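Each chain, letter by letter, is given below.
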Amino acid sequence: MRKVLGGLFKVMPLLFGLGFLAPLIAQVLTLTGWALPGGVAPLAVGLAIGGIWGGVATLTGRWL
Amino acid sequence: MIAVPDVATLRAMDPKALNRLEKDVADQFMGGLAWGSALWGLGNLAVWLSLWPLTIMGILPLWAAFPIATLNVMLCYLPSHEAQHRIYAREGEPLFWLNELVGYLSTIPLVLPYQVARLTHYEHHTHTNDPELDPDIATKSNGPWHLIFKSIVNRQPGAKAGSAYGETLARLGTPEAQAAGLQALAAQLGYLAVLFGMAWTGHALEAALIWWLPRHIGVTYIQFYLSWAPHHPGTGKGRYKDTRAFRSAVGNIGSMGMQFHIIHHLYPRIPLMRTPAAYWALRPILEARGCDLERL
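As given, the protein sequences belong to chains A and B, one line each in that order.
Using our numbering, you'd call the opening residue of the first sequence number 1 and step up by one each time.
Using our numbering, you'd call the opening residue of the second sequence number 65 and step up by one each time.
Keep in mind that the hints were calculated from the coordinates and are not lab data.
Please read these numbers as outputs of a predicted model, since none were measured by experiment.
Here are some chain B residues the structure puts well away from chain A; computed CB gaps all over 10 Å:
| # | residue |
| --- | --- |
| 1 | V71 |
| 2 | D88 |
| 3 | W99 |
| 4 | P131 |
| 5 | R150 |
| 6 | R235 |
| 7 | A341 |
Below 25 Å or equal to it, Euclidean Cα-Cα: the simulated SDA-like pairs (lysine to any residue) are:
| # | chain 1 | residue 1 | chain 2 | residue 2 |
| --- | --- | --- | --- | --- |
| 8 | A | K10 | B | N218 |
| 9 | A | K3 | B | G237 |
| 10 | B | K214 | A | V11 |
| 11 | A | K10 | A | L59 |
| 12 | A | K3 | B | Q247 |
| 13 | B | K214 | B | L197 |
| 14 | B | K204 | B | N316 |
| 15 | A | K3 | B | A243 |
| 16 | A | K10 | B | Q247 |
| 17 | B | K214 | B | H185 |
| 18 | B | K214 | A | W63 |
| 19 | A | K3 | B | P239 |
C-beta atoms are modelled at their ideal positions from N, C-alpha and C, and glycine is treated no differently.
Here chain B stands alone, though its shape is the one from the complex (with noise of 0.2 Å):
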């Protein structure tokens, strides 16, 4: 590891000596297979998927299969994250396949296609903060019960939130980012051909409880925690700026990771399971450069 001097001498050191400091240290907590959170993107997906049968034929009971539902949803999205940065394995590497397929089997609980979550994540990235430019703008909140009415809001039929995605992918206008549109499309009918469909065989409160009361619940909770939390109060502009480490009430794992959700922004290859440990290796670095680091 490399030895990273405390704050006073790195407020005093030359910026460009900084910086390669910095990502030196950065550094080591990149590359390696990251087969923790594959097993757990697939994994989750199939207890979701498992729910269905086991439920439908009275194995297990509708009250126990709600819980395991709703942390399905909630589980669902990082392990994609996690692949729209290419961490499992970048395009032309052997394993690209398996970044592939994580991305775009893992968040099928949340209804949310890989592509569309990748291209809104990147603006997400390049404009973070910015009111009109990042897709993610909308839950900027006062505080958490703020955050949690305006989840809600904003999913309503007639919120302009709902849109941001599909207008961020219109202003990009790629063929790739029309691509997602239509998969969003088809997922969104999919979704719906599902619930209508199981609701008309007789199978309403599975659908109900095992995807689309979940689905709220899941949603709210990673706007809370992965979107809100990291980037409040939502008006800092720029690398050290934008984004926050913050101490959760429920913990590392009850936050899933996002107390050190500014590792992630700094060096987006990092991959999840290490921000901790980057996190405390640059914490005198981020403290001499300015950040919001709160009391962690």
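Bound conformation, chain A alone (with noise of 0.2 Å):
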């Protein structure tokens, strides 16, 4: 159980790009209305976005 939660929590920022800013940065997309080239849906960015981030977070320790 430690050691499944120890690794939960290392990955923990990449989990938080993921699970939190990815749909958060869509419903900001959305809300704004702007209007992605390709017709890319707007969740797609976040997911994007997130996962970098938060998997750079992962990796250095850091969000900024």
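Hey, can you piece these two chains together into the complex? The hints should help.
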């Protein structure tokens, strides 16, 4: 249990990027009415930004 | 009210007599039920909880809910802090349930479990400004802007300060501390589950503006006024040196009474709302003792 939770918290920034930032970015894009090139779905942009940002934060230990 | 002589007379007093006088003056401000703080803690939580249905149902716009939620997070710690010191009631007293109710509930917006806060806060009192043992030492900074910068840096995923409370609980090693560690884990997982759940059901903005962002702003505020400002420069050791009185640019209410935090460290059982009066009564004694009272 301890190992599972330890592993979970190690990758928490990535999970946070995908689990929270991605839908948040998608919702902001939808609300602002930004027309994305090639008809890309707002959620795809959210997942890309949230996933990359969270992944980098997991590796470097910093969001900023 | 007990009459306190002038500073010169106090300085010439026998140390034991001075100690007795200080305690007698302080005792006048203890006791009674701190109803104001209890209502503050529970009312504040009720307002914060109401923001969720009000915004989701479209009754309250998010732009209005955001500053209210931020204020709620800023306000939520101190009522629990009173409970941590058993201000409402002690173990065995009829109203101890109220003490624990306020303690457990009021810090929900901050995601700071009561027992974690209580045990680590006692360690802060015991080891104030100790670079190894004070769980709040990470807020030690050169000035206000440095504190804000450090507060943000300390919240990064890899920051050492992020594990300070966990390390303190591990060092304590008691069954109570272990249970508090589990509560911290459950609170963190619960918080993230709510954020993720809200976000994936179309309420990411509500979650961001009622909890996530207000919590970050609130933590910075709390660290500024409740941790950094009263202990700055964070080097003094000992009963009369580790905490100071200071004049806040935003006044006593804006700094939530922390101008008089020195009283709390000397007499933790004086309720928050009586610390200003206790300070003015004790001020000559504190001055005679060489405390840092700045311009207050």
